[in-house]
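Counted from 1, the sequence shown has number 88 at position 88 by full-length UniProt numbering; the numbering is strictly sequential.
Since the hints were derived computationally from the structure, they do not count as laboratory data. Hints may contain errors.
Said to hold, decoys possible - Distance condition first, Cα-Cα at most 20 Å in a straight line; then the derived PhoX-like pairs of lysine-lysine:
{"no.": "1", "residue 1": "K266", "residue 2": "K297"}
{"no.": "2", "residue 1": "K289", "residue 2": "K202"}
{"no.": "3", "residue 1": "K202", "residue 2": "K65"}
{"no.": "4", "residue 1": "K202", "residue 2": "K283"}
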Amino acid sequence: MATPYSLFPSAQELGMATKKKWRGAEWLLITSILSEEDPLFPDKMRLSNVRNLSYNFDFPVSSSKSGMLKTLDQMVQTARLLYMHELELYFAEDDDFGPFSSRNELESLNSVLNTIHSVLATASGDAIELSPVLETATIGMIKSLGWRTKGLAAEMGEKVMELERTVASEDLSIGDVALEVPESLIISEDLVYGSDVFDVLKDLDDITSETMLLLWSMRERYNPSSKFRIYFETLPEEFNTGLRFAIDALAVLDGTLLFEELTQAKEHLRQQYDTLFPALSMKYPDLFKPELYTWEKYLWACELWYSNSMKVVLTDGKLKTCLIPIAGLLNHSVCQVNLELLC
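Go ahead and model the full structure; you've got the sequences and the hints to work with.
Below, the structure written as structure tokens:
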């Protein structure tokens with residue numbers, strides 16, 4: 001995705017901000033500009049000058065691979081600056097060349113890749129050899145979007161922050177299938193109906209299928225023989241949603257609609273939990289082991305379903321709330337996402 005003031009615009013905007021020039025068939029010069037219409041232009045220009053960033057990128061056809069990759073790195077550094085938000089600019093140090101955030105890095109690399117595709121589409125002769133080197137290197141950076149987070153590296157030693165996401169290596173259009181998942185791997189209420197806990201839960205008054213899924217997930221998360229064991233192992237120990245806000249954090253929101261919503265939601269969940277436990281654990285200790293059905297683990301299951309579940313029409317024609325392995329790692333926009341199921 002491109003911004004109106006990006007150094008590396010989309011293919012449609014390419015002619016507006018980027019110029020390319022072939023010097024014979026031996027040299028490629030890409031010249032880009034930072035638009036003065038950018039609301040953050042003064043800050044970006046100051047940082048650009050301090051860092052001595054380049055806006056002219058020369059790619060000699062005869063240069064070594066290391067030379068081309070060095071110039072590519074300069075392009076990425078400049079793109080990072082152009083895609084910075086106000087908050088990122090505020091905290092950026094003069095000698096910090098990034099990465100700054102997952103959003104900034106993904107947009108920067110994607111714009112660089114689009115520029116390379118557009119510019120080298122007109123290449124001929126020996127210049128064609130530039131394309132695979134630059135494209136492969138850029139796609140490689142996109143695929144390995146994990147880095148030592150700036151500001152945390154010093155405090156965390158050698159620990160690397162792994163990013164839990166997947167990234168498309170090529171453009172996807174509306175209607176394209178981004179992921180195919182066998183229906184047998186989808187977690188839905190049907191799994192509860194076929195489990196031993198259903199024999200107990202079905203006789204409870206006013207219990208919903210959603211609550212059954214929560215209770216099933218709490219046990220399945222720690223089931224070493226579960227077919228979904230790997231999926232549950234990929235999930236974070238904490239989701240850090242508003243339901244986890246401490247009292248001092250909630251106090252900051254006092255008087256806001258969000259404060260009321262979070263307070264009511266947490267009270268509702270607590271009442272729901274207290275209705276079920278410890279009664280179920282006392283009556284069915286083998287099915288509902290006390291150590292697996294604590295309030296904290298119940299809250300975790302709620303956050304899992306609230307943050308990762310999707311509405312999917314399964315092959316029985318019914319719309320159901322589901323957890324879909326792998327799909328939960330996808331970044332997607334607020335537009336419609338089509339999921340293709342394989343029986």
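We went through each hint and held it up to the structure:
no., hint, in the structure
1, K266 / K297, "holds (14 Å)"
2, K289 / K202, "holds (19 Å)"
3, K202 / K65, "violated (65 Å)"
4, K202 / K283, "holds (15 Å)"
The earlier numbered hint that this structure contradicts is number 3, and it is the only one.
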